[in-house]
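Novice: In case you want the letters, here they are:
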Amino acid sequence: MAIEVKIPALGESISSGILTTWHVNDGDLVEEGQTIYELETDKITQEGAADCSGSISLKAGEGEEVEIGAIVAIIDETVTSGSAPAPVKAKQAPEKKTDESKSETAPPLLLPETEGKPHAQAPAPHLSPAVRKIVDEHDLVPTTIEGSGKDGRITKADALAAAKASPAEEVKTAAPVPTPRPAPTPPITPSVTASSDDRVTRKPLSPIRRKIASRLVEAQQTAAILTTFNEADMSAIMALRKEHQENFVAKNGVKLGFMSFFVKAVVHALKAVPELNVRMEGENLVENHYFDIGVAVGTKKGLVVPVVRDCDKLSFSEIEQTIVNYAHAARDGKITLQDMQGGCFTITNGGIYGSMLSTPILNPPQSGILGMHAIQQRPMAVNGEVVIRPMMYLAVSYDHRVVDGREAVTFLVKMKEVLENPVRLTLEI
Amino acid sequence: MPEAISYDALVIGAGPGGYVCAIRCAQLGLKTAIVDKNPRLGGTCLNVGCIPSKALLHSTEIYHELLHGAKKHGITAKEVSIDVSALMKKKDGVVDKLGMGVRMLVEKRGIEILTGTAKLLGDGQVEVSGEEGTQTVTAKEIILATGSKPVELPFMPYDGDRIVHSDHGIAFDSAPAKLAVIGGGAIGLELGSVWARLGSEVEIIEFLPEIATGFDPDVAKAARRILGKQGLKFSLSTKVTGVDIGESGVTLRAEGPKGDVTFEADKVLVAVGRAPCSDGLGLEELGVVSDKRGSVTVDEAFRTNVEGLRAIGDLIPGPMLAHKAEEDGVACAEILAGQSGHVNYDLVPGVIYVDPEIANVGLGEADAKERNIPVRCGTFPLAANGRALATDATEGLVKVVAHAETDRLLGIQIVARNASELIASAVAHMEYGGSAEDLARTIHAHPTLSESLKEAALASDGRGLHSL
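Chains A and B, in that order, are what the protein sequence lines are.
Residue numbers for the first sequence follow this note's numbering, so the first one is 65 and each next one is one higher.
Residue numbers for the second sequence follow this note's numbering, so the first one is 80 and each next one is one higher.
Just so you know, these hints were derived from the structure itself, not from any lab.
Please read all numbers here as calculations on a predicted model, not as lab measurements.
Do not rely on the hints blindly, as some may be mistaken.
Restraint-style ranges between C-beta atoms, simulated for each label pair [to be verified]:
hint, chain 1, residue 1, chain 2, residue 2, range
1, B, Tyr-424, A, Pro-268, 37 to 43 Å
2, A, Pro-268, B, Arg-542, 54 to 60 Å
3, B, Gly-541, A, His-464, 57 to 63 Å
4, A, Ser-121, B, Ala-354, 44 to 50 Å
5, B, Lys-116, A, Ala-221, 54 to 60 Å
6, A, Thr-142, B, Ser-85, 52 to 58 Å
Cβ atoms here follow ideal geometry from the backbone N, Cα and C, with glycine treated the same way.
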């Protein structure tokens, strides 16, 4: 019995990914549960495990873009490391397959010819004539198209949207008309190869970059983004860190960074200005009564924003530990989609790259984002005297559709107050 | 001889498959030409098939209604008579008008019309011999759309007078006193109806145990009973074995279910089917592969085994119907232009244009049983439909066949006035993968005959509202 290795569905908006790495070679014997490949999608890198043990034959190359549902390998269960094939496993796996195919609510096949086809693959959804044409011409996988029609059927609009999102689009429409000889047009291969001459290099966007691009444009086009600024004297926090760092590390096994202060300060300010802890949902305003704060983490492949949950209930060390864990996961490309979902508010720190001032873009559907910046020694006027202080500019961008300037400005002022006097955080004043 | 002209696409045959293919090719930017020996485009369908027969059916329906139906409406006509030559003129007018229309459509698309007989020379070359001489044209792709012709019974060759086929059957000078029709399919029943209405005594002789092959036995039987009431006679399970042509008429010898029988007739219309027109094209010389029936073998992209040569319509396997040929033509053209082209051969509707019309699409109950598909069926008699009652259209029924488990519509059969129009919504439902419930929950205007479709769909779930 040969079992197909398919790219599983990873989330609503993810339709394809790049199979970055095979951990096994063609013909290898694999064990059930063994990690066999790595898939990079829009935002996450996912590992794929073998559903059963057997000899694997790879059907996709490294670096190839694969659709959700695509068969990337076939495992022949009859070939196992032991001499006798494991009959129990051989039975389990196909049963699971049938369950999956059932859940797709595929209509019965009309013709005996089609009925006679092997049931190896889950039956495709029924397609209307116009949809079928689009799917054929754009090489789409119907099971990956979300149907908005009755009972989830794929409408022509759904298919057109999927075709538009498919990278094959450009290649297809460029096909010249009157060269009919090799009739069904040769299969379209997305132009994944990079091309370059002396002056420019052209290469396709990675899924992460594509996703980042569309999210940012969406944010810009949807919200009325406005940014307000303030600055904070970081002396107190720096002194606190210096004083307690050793004990903190000894007790918690994690360094006391700036982020825990900022996360706590954001929670404090959101509590003081709940008008900023909201999101717009159609005609409704949704007020959040929880404090899940997204923390932007830069990786080689792009920015990801994992969410630290219920920050109001976390200690400083717990916040630091969570962020460290996320940073490691991000570095290893193991941030999951769940890690990034939800979130009431986001903190982004351009300061680590030396930014002095910036206007962050919202992370929709959130209504606020705090920009942290580089700490600089600057002369400040304090009590009529010029003193040198470690200063940080703070920026908060907010969705002006639902948040007024007064709230946003107050929010930053509250931030400033507790950052300059962090003891207030512990006293919650 | 002028220099060979080169085209992207050359379509041979200007029937509904060919001319539609040519139009679609031209729409997609291909330099296109079409060859037909008849200067009036439209092929069998327009010249001697669908269109003239429908004109005759309509005219004779009016006549028949005046004779037999008008009285109950309180209408009396002092003297109702029929002038067959005027009737034929009306029919010819329809054909002329539509022929001009098709020609205009083709010309306006910039398609070159080559009048003459085509012969394939190989390597994309085609010789066209017409009245004005012979020319050779070349094309990157040649699409054969030469259609079909009536099948001849080997022991009774057509003479155009006593032994005739449908081309003749639409153009008798007068109604023969006795007309024997061999074949109880669409052509036999339609032309049989025409001449019966005009006064002929019509005997339909069918080899199979029931007329209207492809319909469920209960549906076909219902249709036969209605037609029987109109005066058509039927001899089923009867195989015609010989013929004697005398001075005054024809005697058919046949083997009936109860032994040998004979039929006397003035004319015999042979309507036992049609065969692909593949003669004289040079197919054999090129080694084009075809099956036993003479149908040219093609792949999904309509390609024959010869490069640059494709075939569509009646020339290839599948139902020999104008609308199927048209879809072939569109799909073939789109494939030529690099698009995807697909014809859903499972959902080609079929219609017999007698009164009431008989139409079907998809699988019948019997077909489904043969394929071991579990079904649920629902029928609704037109007699229970308000509009049918109000308009004297109570003869007939609708039968819905749905999958027993998924409720998906598998087939629909209709015997009703305008069944040819009613079937369209059934095809649309099925094309979108609709269920019987979808059909039942789709709002149908009241009062219409189409409500009977909805009712049949309801009945398949045992919840008909207007039937018990």
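Novice: B:Tyr-424 and A:Pro-268, beta-carbon distance inside 37 to 43 Å?
Specialist: Since B:Tyr-424 and A:Pro-268 have Cβ atoms about 39 Å apart, the given range 37 to 43 Å holds.
Novice: With respect to the beta-carbon atoms only, verify the hint that A:Pro-268 and B:Arg-542 lie 54 to 60 Å apart.
Specialist: holds, 55 Å
Novice: Does the Cβ-Cβ separation between A:Thr-142 and B:Ser-85 fall within 52 to 58 Å?
Specialist: holds, 57 Å
Novice: Hint says 57 to 63 Å; check whether the CB-CB distance for B:Gly-541 and A:His-464 agrees.
Specialist: holds, 60 Å
Novice: Lying within 54 to 60 Å: is that true of the beta-carbon distance B:Lys-116 to A:Ala-221?
Specialist: Given about 46 Å between the Cβ atoms, the range is violated.
Novice: Take a look at whether the Cβ-Cβ distance between A:Ser-121 and B:Ala-354 falls inside 44 to 50 Å.
Specialist: holds, 49 Å
In summary, the one numbered hint that this structure violates is 5.
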